[in-house]
Amino acid sequence: MSKLNTVIRFTFLNKIKTKSFLITTLVLVLLVSIGMNIPYFIDKFSGGEQGPASVGVMEASQPEIVASLEAYLQKQGEFGFTLQKFAGENEEALRAELKAGNIDGYLKFNQDGQSAFPTVSYISNKDSVPQTLNSSLQAALQSVKAEVITKGALSEEQLAALTAPVFIDPVKLDASGANASANEAETEAGPAPINYIVVYALVILFFMIIMMTGNMIAAEVTAEKSSRIMEILITSVSPLTQMFGKIIGMLYIGLLQIFIFAGVIGINMSLPHNQSVLGSLNLNLADINLTVLVLGLIYFVLGYLLYATLFAAIGSLVSRTEELGQAIMPITMLSLAAFYIGIFSLSAPNSLLIKISNFIPFFSPVSMIVRAGLGDTPVWEIAASLVILAVSILFFGWLAAKIYRTGVLLYGKRPTMKELRKAMRAYKI
Amino acid sequence: MVAKRLELEQVVKEFGEKRAVDQITLQVEEGEIYGLLGANGAGKTTTMRMVLGLIYPDSGRILYNGKPYGPELQSQMGYLPEERGLYPKVKVSEQIIYLARLRGMSAAEADKSLKYWLERFEVPEYYDKKIEELSKGNQQKMGFVAAVVHKPQIVIMDEAFSGLDPVNVELLKATVKELRDQGTSILFSTHRMEHVEELCRNITILDRSRTVLQGDLREIKKKYPREEVLLYTTGEVEGLDRIPGVKKVSRQERGYDISISDVAAAKLILKTAMEQGEVERFEIKEPTLNQIFIKEVGESNE
Numbered sequence: 009m010s011k012l013n014t015v016i017r018f019t020f021l022n023k024i025k026t027k028s029f030l031i032t033t034l035v036l037v038l039l040v041s042i043g044m045n046i047p048y049f050i051d052k053f054s055g056g057e058q059g060p061a062s063v064g065v066m067e068a069s070q071p072e073i074v075a076s077l078e079a080y081l082q083k084q085g086e087f088g089f090t091l092q093k094f095a096g097e098n099e100e101a102l103r104a105e106l107k108a109g110n111i112d113g114y115l116k117f118n119q120d121g122q123s124a125f126p127t128v129s130y131i132s133n134k135d136s137v138p139q140t141l142n143s144s145l146q147a148a149l150q151s152v153k154a155e156v157i158t159k160g161a162l163s164e165e166q167l168a169a170l171t172a173p174v175f176i177d178p179v180k181l182d183a184s185g186a187n188a189s190a191n192e193a194e195t196e197a198g199p200a201p202i203n204y205i206v207v208y209a210l211v212i213l214f215f216m217i218i219m220m221t222g223n224m225i226a227a228e229v230t231a232e233k234s235s236r237i238m239e240i241l242i243t244s245v246s247p248l249t250q251m252f253g254k255i256i257g258m259l260y261i262g263l264l265q266i267f268i269f270a271g272v273i274g275i276n277m278s279l280p281h282n283q284s285v286l287g288s289l290n291l292n293l294a295d296i297n298l299t300v301l302v303l304g305l306i307y308f309v310l311g312y313l314l315y316a317t318l319f320a321a322i323g324s325l326v327s328r329t330e331e332l333g334q335a336i337m338p339i340t341m342l343s344l345a346a347f348y349i350g351i352f353s354l355s356a357p358n359s360l361l362i363k364i365s366n367f368i369p370f371f372s373p374v375s376m377i378v379r380a381g382l383g384d385t386p387v388w389e390i391a392a393s394l395v396i397l398a399v400s401i402l403f404f405g406w407l408a409a410k411i412y413r414t415g416v417l418l419y420g421k422r423p424t425m426k427e428l429r430k431a432m433r434a435y436k437i
Numbered sequence: 588m589v590a591k592r593l594e595l596e597q598v599v600k601e602f603g604e605k606r607a608v609d610q611i612t613l614q615v616e617e618g619e620i621y622g623l624l625g626a627n628g629a630g631k632t633t634t635m636r637m638v639l640g641l642i643y644p645d646s647g648r649i650l651y652n653g654k655p656y657g658p659e660l661q662s663q664m665g666y667l668p669e670e671r672g673l674y675p676k677v678k679v680s681e682q683i684i685y686l687a688r689l690r691g692m693s694a695a696e697a698d699k700s701l702k703y704w705l706e707r708f709e710v711p712e713y714y715d716k717k718i719e720e721l722s723k724g725n726q727q728k729m730g731f732v733a734a735v736v737h738k739p740q741i742v743i744m745d746e747a748f749s750g751l752d753p754v755n756v757e758l759l760k761a762t763v764k765e766l767r768d769q770g771t772s773i774l775f776s777t778h779r780m781e782h783v784e785e786l787c788r789n790i791t792i793l794d795r796s797r798t799v800l801q802g803d804l805r806e807i808k809k810k811y812p813r814e815e816v817l818l819y820t821t822g823e824v825e826g827l828d829r830i831p832g833v834k835k836v837s838r839q840e841r842g843y844d845i846s847i848s849d850v851a852a853a854k855l856i857l858k859t860a861m862e863q864g865e866v867e868r869f870e871i872k873e874p875t876l877n878q879i880f881i882k883e884v885g886e887s888n889e
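Going line by line, the protein sequences match chains A and B.
Sequential numbering of the first sequence, starting at 9, is according to the working numbering.
Sequential numbering of the second sequence, starting at 588, is according to the working numbering.
In short, the hints are calculated from the structure, not lab data.
One or more of the hints may lead you astray.
[Said to hold, decoys possible] List of simulated lysine-lysine pairs, PhoX-like, C-alpha gap at most 20 Å:
id: 1; chain 1: B; residue 1: K678; chain 2: B; residue 2: K654
id: 2; chain 1: B; residue 1: K678; chain 2: A; residue 2: K23
id: 3; chain 1: A; residue 1: K25; chain 2: B; residue 2: K605
id: 4; chain 1: A; residue 1: K11; chain 2: B; residue 2: K723
id: 5; chain 1: B; residue 1: K678; chain 2: A; residue 2: K25
id: 6; chain 1: B; residue 1: K717; chain 2: B; residue 2: K699
id: 7; chain 1: B; residue 1: K699; chain 2: B; residue 2: K723
id: 8; chain 1: B; residue 1: K591; chain 2: B; residue 2: K654
id: 9; chain 1: B; residue 1: K760; chain 2: A; residue 2: K23
id: 10; chain 1: B; residue 1: K716; chain 2: B; residue 2: K676
id: 11; chain 1: B; residue 1: K835; chain 2: A; residue 2: K25
id: 12; chain 1: B; residue 1: K676; chain 2: A; residue 2: K25
id: 13; chain 1: A; residue 1: K27; chain 2: B; residue 2: K854
id: 14; chain 1: A; residue 1: K426; chain 2: B; residue 2: K835
id: 15; chain 1: B; residue 1: K723; chain 2: A; residue 2: K23
id: 16; chain 1: B; residue 1: K716; chain 2: B; residue 2: K678
id: 17; chain 1: B; residue 1: K591; chain 2: A; residue 2: K23
id: 18; chain 1: A; residue 1: K27; chain 2: B; residue 2: K738
id: 19; chain 1: A; residue 1: K93; chain 2: A; residue 2: K11
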């Protein structure tokens, strides 16, 4: 046991001191921080500073539309843009204004005589219409269009009702299925929107950290093997102790990174300027499903153990670091598959794919986070999935230890399956 | 009978079709340096790996103090691999203390022992250096320290002296002898014969996995006829090549090198020389291990 601790300590301390680890962590922390503040920055740089855009329009070309647009803007009060009318049909005046910077852009109506409403061009100095301006313009013109086409046949209320989008409220039948409509309070209203973000973040974090630590494990084993320090290590500690010492040491590294990220995310979320952004996106921290976080941590640890043993086993089969990338390809594929199953199922957390994946040890760590966070999972399924995962960890841990014990002493070309099987039989772990 | 520190009995190792080690038998006693000689690929490293418990013999057995291999041996054995087994990017102190702790030493003891060895090699400043910052020869010294820092009973050294300059070879030899005098058993492989003659009492010469010569170094040498006579005289000596048993006479700067086929001829050579002038030096040279090795291994290669 004390030897195991010695290996864990050595692995952990050595990794944490390396420049590459410090830099990677720092860069990721910075990226996360920047990413989380982007909505605020966009807000700050685009709309916030300049106030409503000033949009020019030629009154003479489509007097009816322009009047209607003006009326709409007056009704709305504060809106995304202000209108500047120009007399005449000469575009030159508008162009001059645009060059002088008095207007941000102008609207041009292209009447082709066929359709009831002209197509609209927005002419400005930029390649595209800013997001907020675009949506305001669209909303305004949509309303104007309805008015122009109906030509006053409908009342204002009717028009408003017509332009309002249809809203679909997802309501799920509860387990009994009997009185869903009668008893609305008991039906599940679906997961809070923030849980999508939490699950999404967990899946990405899981994938990233397993790939990072897994690669580090494999690379270290190969490095130890090629520098022949492995021969000294194996004569000092049993390969099993050595392998699990390394795996657990790296697990601590992974957990440390997770806590660092969680801390960074937490700090960023609680910054006052982000609070309002979160609020406007209808995200509430209190809605976070704690079970998902706890379950996520359990599945992370178990999933990590499963993948890490494989990475260690593969690392032990390769003699030179250059060959490692190719050798770990199969595991990389496997973890990528798990990752994509998770990501693509975010919108359909109760699909058959996810249900099956819950029982496949290599996929369950990701798919279970998705299902538990966004879908609904019976407790027995979680329990069964955990048991399957634990059993496969024991099996693959045993197998990996055996491969490890054999592989670390095989040099030269990568051994074939047959050679490996033969050699493996010779060693007790 | 007292159990030997290390005993190999009829040990065989096969890799696929190829027999890497064929029925090697040897004993190493307490406080003995045992030389394992052989050309490249003769099976030295494989034998050492079996002794270390890294690989298992296909037949035969290896006993340590009369007992088979067990985990308790991990703290009693030290190993200096041919290619220096150390982490290039880790400080000397950190990794050697780590290795010592893995072999069951406490951190404080390991630190003390490491400092002793660094002093012994007159390089205390390496304590905080990374291995990659050291020269090759110094890396090898650190490898040696790593092999002996935990005060093992059995030390296994694969080509310990290769790549060292003469000064460091002497330093390492002196420390190896020191270890021997403290009772450590050392199994030592090399293809440099002069080191063996100086250090080892018993040797085994391997050639293509088979033992070709084994035993006490002095006994082995006695078995080989003395065929060289060195004669230094003040003046010329006539008629040496007419003495029966003399095969060849070659004139050197200060005397003669004479090859003989019979030791009896040596007496006649001395007599002839003394009759004609003053003899400064006369020696019937015993064969060097180098010559024996070339004879044994070279002949079996033909």
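For each hint, the structure was consulted:
Taking the CA atoms of K678 of chain B and K654 of chain B, the gap is near 37 Å; set against the 20 Å cutoff, the hint is violated. Between the alpha carbons of K678 of chain B and K23 of chain A the distance comes to roughly 13 Å, so the proposed pair stays at or under 20 Å and holds. Between K25 of chain A and K605 of chain B the CA atoms are separated by roughly 45 Å; this puts the pair beyond 20 Å, and the hint is violated. Distance restraint check for K11 of chain A and K723 of chain B: the Cα-Cα separation of roughly 30 Å exceeds the 20 Å cut-off, and the hinted pair is therefore not satisfied.
In summary, the hint linking K678 of chain B to K25 of chain A is supported, as the alpha carbons are separated by about 11 Å, within the 20 Å threshold. Of the supplied pair hints, the one linking K717 of chain B and K699 of chain B holds, its CA atoms being roughly 19 Å apart against a limit of 20 Å. Only pairs whose Cα atoms come within 20 Å are accepted, and K699 of chain B paired with K723 of chain B is rejected, the gap being roughly 25 Å. Only pairs whose Cα atoms come within 20 Å are accepted, and K591 of chain B paired with K654 of chain B is accepted, the gap being roughly 10 Å.
Proximity of K760 of chain B to K23 of chain A is assessed by CA-CA distance (about 37 Å); at most 20 Å being required, the pair is judged violated. Straight-line distance between C-alpha atoms of K716 of chain B and K676 of chain B comes to about 9 Å, which keeps the hinted pair within the 20 Å bound. Simply put, K835 of chain B and K25 of chain A have alpha-carbon atoms about 69 Å apart, too far for the 20 Å limit, and the pair is violated. For the proposed pair K676 of chain B and K25 of chain A, the alpha carbon gap of about 11 Å is at most 20 Å, so the pair holds.
Among the hinted pairs, K27 of chain A with K854 of chain B is inconsistent with the structure: their alpha-carbon atoms are about 75 Å apart, more than 20 Å. Between K426 of chain A and K835 of chain B, the direct Cα distance comes to roughly 60 Å. Violation of the 20 Å bound is thereby established for this hinted pair. With a CA separation close to 25 Å, the supplied pair K723 of chain B and K23 of chain A exceeds the 20 Å bound. A hinted pair counts as satisfied when its Cα atoms are at most 20 Å apart, and K716 of chain B with K678 of chain B qualifies at roughly 5 Å.
Between K591 of chain B and K23 of chain A, the direct Cα distance comes to roughly 43 Å. Violation of the 20 Å bound is thereby established for this hinted pair. With a C-alpha separation of about 35 Å, the suggested pairing of K27 of chain A with K738 of chain B is violated against the 20 Å cut-off. Only pairs whose Cα atoms come within 20 Å are accepted, and K93 of chain A paired with K11 of chain A is rejected, the gap being roughly 83 Å.
Hint compliance for this structure: hints 1, 3, 4, 7, 9, 11, 13, 14, 15, 17, 18 and 19 are not met, and every other hint is.
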